[in-house]
Amino acid sequence: MTGGEPVLQVDGLTKCFHGATVVDGLSFRLERGEILSLLGPSGCGKSTTLRMIAGIEEPDGGEIRLGGEVVASTTTGTFVPADRRDIGLVFQSYAIWPHMSVAQNVGYPLDVRHVPKAQIAERVAAVLKLVNLGGFENRAATSLSGGQQQRVALARALVYNPRLLLLDEPLSNLDARLRDELRLELRRIQRELGLTILYVTHDQVEALSLSDRIAVMHAGRIVQVGGPAEVYDAPSDLFVQNFFGRSVLIDGMLESAASGTVVRCGDGTTFTVNDPAGARVGAVHASIRVEDMHVGAPPAEASGAWEAITTVVRDVRFLGDKVECELLVGGAPVAVHLPRSAALDPGATLVLHVARSSIRVWPR
Amino acid sequence: MAALNAMTGRSAGRFALGTILLVAVGFFTVVPILLIAIASFDSAAPGDPWRWGFDAWGSLFTSPRSMSALGYTLLLTLRVPVGLLLGFLVAWCLVRADIPAKGFIEFSLWVAYFLPALPVAVGWILLLDKNYGLVNLALEKLPFVHGPLFSAQSIGGIIWVHLTLTTIPVMTILLAPALRQLDASLELSANVCGSNTLQTLRRIVVPILAPALVTALLAGFIRGLEAFEVEQVLGIPANIYVYSTRIYDLIGHDPPQFQQAIALSTLMLVILFVLTVFYQRFTSRRLFATLSGRGVSFTQVRLGRWRWLVSGACIAYIGVGIFVPLVLLVLGSFMTLFGFFFIANAFTAAHWLGVLNDETFLSSLRNSLIVGLSVAALGTACYALLGYVLVRTRLPGRTALAAFVWLPWAVPGVLLGMSLLQLILDVPFLSIIYGGLGALILGLIVANMPLGTQMLRTSFAQISVELEYASTTCGARWWTTFRRVMLPLATPMLVSIFLVTLMSALRDMSTIVLLAGAHARPLSLLLLEYANAGRFEEASVIGVILSAIALLITAIVRQSGFRSLAFSEGSAS
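Residue numbers (this note's numbering), protein chains in the order written: chain H, 1 to 364; chain F, 1 to 573.
Keep in mind that the hints are not guaranteed to be accurate.
Stated by the list, open to error - A short list of chain H residues far from chain F (calculated; beta carbon distances all over 12 Å):
| id | residue |
| --- | --- |
| 1 | Q92 |
| 2 | Q104 |
| 3 | R113 |
| 4 | G134 |
| 5 | A157 |
| 6 | P162 |
| 7 | D175 |
| 8 | G226 |
| 9 | Y232 |
| 10 | N242 |
| 11 | R280 |
| 12 | L344 |
| 13 | R356 |
Unchecked claim - Partner residues are not named here, just some residues of chain H that face chain F (Cβ under 10 Å, in silico):
| id | residue |
| --- | --- |
| 14 | V336 |
| 15 | L338 |
| 16 | R340 |
| 17 | A342 |
| 18 | G347 |
| 19 | T349 |
| 20 | W362 |
Just so you know, these hints were derived from the structure itself, not from any lab. Cβ atoms here follow ideal geometry from the backbone N, Cα and C, with glycine treated the same way.
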């Protein structure tokens, strides 16, 4: 591996199935020690991308380099099979071999590399300890719980120090508590070993909390790449905006008025917005994240321009410590949580304060 | 994709591998059939170069015996629709009704399916022979009966033996899985709307399963033509020939009438081709969309008091159809003179001692073991490779390969033997194995290829592909992955295939009867020879031995589950 080369570089990667383009000219790079998440809804091509990088799917176009070495290229016809790429792969389904013990599963990659037996045992013990499965060596792999099996799969992918670790929705088959636990542990192990990881997931929490950078995918393309805060705070389009967090999406018309640029909603509500970059006068979507809506006065430390938007309470649902209030914001429904003391009834009006900078406008 | 493609990587390597497999399989399945067809238009004298002409076809159509053989062949297929109807009823009772002794009934049907037919036919001779059959003798005691009522050596006798021993069990085994997959909520909703069990069966179950029923019917016609030995032993004494015994007869002639045998084979292959085309059309648009394994788990239909009657009828059929002839076979092997129960010293162990000390028997036993174990071992290895390639690779020519592998399923034993004989005689380097055990091994590997490959295909397909990817991505080459991940996981199925192939090889007569030379005779052919010569005492002894082996293997295979076998048999395409 040459010094400055990225661990992984993908250029114009394309894959078609039965005439449909599943991965469409994807390009990105992954630096040493970095975690990059491919994030997107199911069917966006993220798993296919990962499989092409792993070498279990052949690309129909483009090039993949690992540490500067071309491992797949449709222009030169190069295709290095999976077993010679020196990468690790963990599946959502664990893919633990049921006929082998834990130690046999984890030791297998070393065994096929003809590492001496004593050394295998030593490495297996060390890596099992790393994933908190010390002493599980002789257990039957299938007798373990889902979380434990996924740890075995991780150990099996780590034991030979691959240059790149590919994780394909590794936490999706686990229940919520285990998922959080394993996510934190994955982060710890990555830091400890300085692993380079490509992480495929549809879960925004996993992507936001684990990644150094996130590549948001939609319909076979990357729509935005950036740090977690960047893609969350500055989404490049409505798809990305909707993918993270909860937003209300209001249909309206963008108009020029004396006070500046305003959005006029179907129910007559209007509010002023900062000059939008992409949208022109005409039909638009305005979107506001739920956490940016403040009931009552703006927060004390607030600065900049604020908009007061009058909304109608449609329904109030009791949740115990608080109430869930369904509001119509410019005609669009959104549920917000309010303290019990708010004591609202359906049909009442409620004024929301929203910082002008947190209202985004997208062409419709 | 997958591992094999990873091994070769480049398309050139894959192309080469695909071509090699296609040529190798095609050479032993397609080429022999083409050779037979070509040879049927050869009018040259034996030994002379090929010359275009219709002599063979002329001799076929002017031979009354060959023509009547075709007629009898057709007549005997009447057992298939009858077997389908009865088999469907038995299958429905086993799957849906709350009858007692289900396990026993199902196991007995599998026993019947695995039993060699000829020994059972010999047992039936003891019961139904015109002169000394026990049933006939007993009935003649009745005042209003004069002369024998039944004859084993007749069309009725042949149909009876096939129906009870093969057709009904096979149809049950084929249809039971289709019934099991049928979403029970479809039936339950019919019941809820007020239709009773019979109405539901007639108006819901049968129409939904119609494609499966037609498929089973066609499969029954095609596979029913496999029959040879029962027709040989029960038909020849009554001068009843079917196409397969006629071919054997023509080859056994002095001098052998090869040309007519080849023309008859070609004609049958054409008929089979037409049947197969229909069969393929039906299997390809099988309506499994409505059949889901999920759905509501069915509650069993309550037959009330009828359940004892239904179960009793099934058990009576099994007793009469399978176990009574087997018991008589054992008795027959101890009889001083076969069929003569009422003479002094009617029973003796002399035939057992004679056979067991006979050099011919010992060499036949040795041949059987060599052939059986070679076929089972080599065959299982070939089927595993083919099954894996068909499931897990995208090698070019896979569709053609699958068709080639499946082809022998539609070519009954005698025709397959005839075609392979032609291949062995025509291809220079292959003629070394002519008349030897090698020819038998080859023939049986080809004959068992469709079922063996199909079963392993199914079993490989059930192993998650990610288990393999996990191996290749952590650095294992294709061969290592196949050996250390796939094979161990498929081991139970491989053991089943090994045993089923072994048994099929041990009991086969029709495929090898034309391929075996005088010194390469396994036990099954020795049994056929004794039966042909009317030496039923010795035939019974060998029949008991073969049946015992079959029962033993059936019991072992039972451990690994029959259902996967049935699934493969039904979906072999």
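message: Could you work out which of the previously given hints the structure breaks and list their numbers from low to high?
response: Per hint list: 1, 2, 3, 5, 6, 14, 15, 16, 17, 18, 19, 20 violated.
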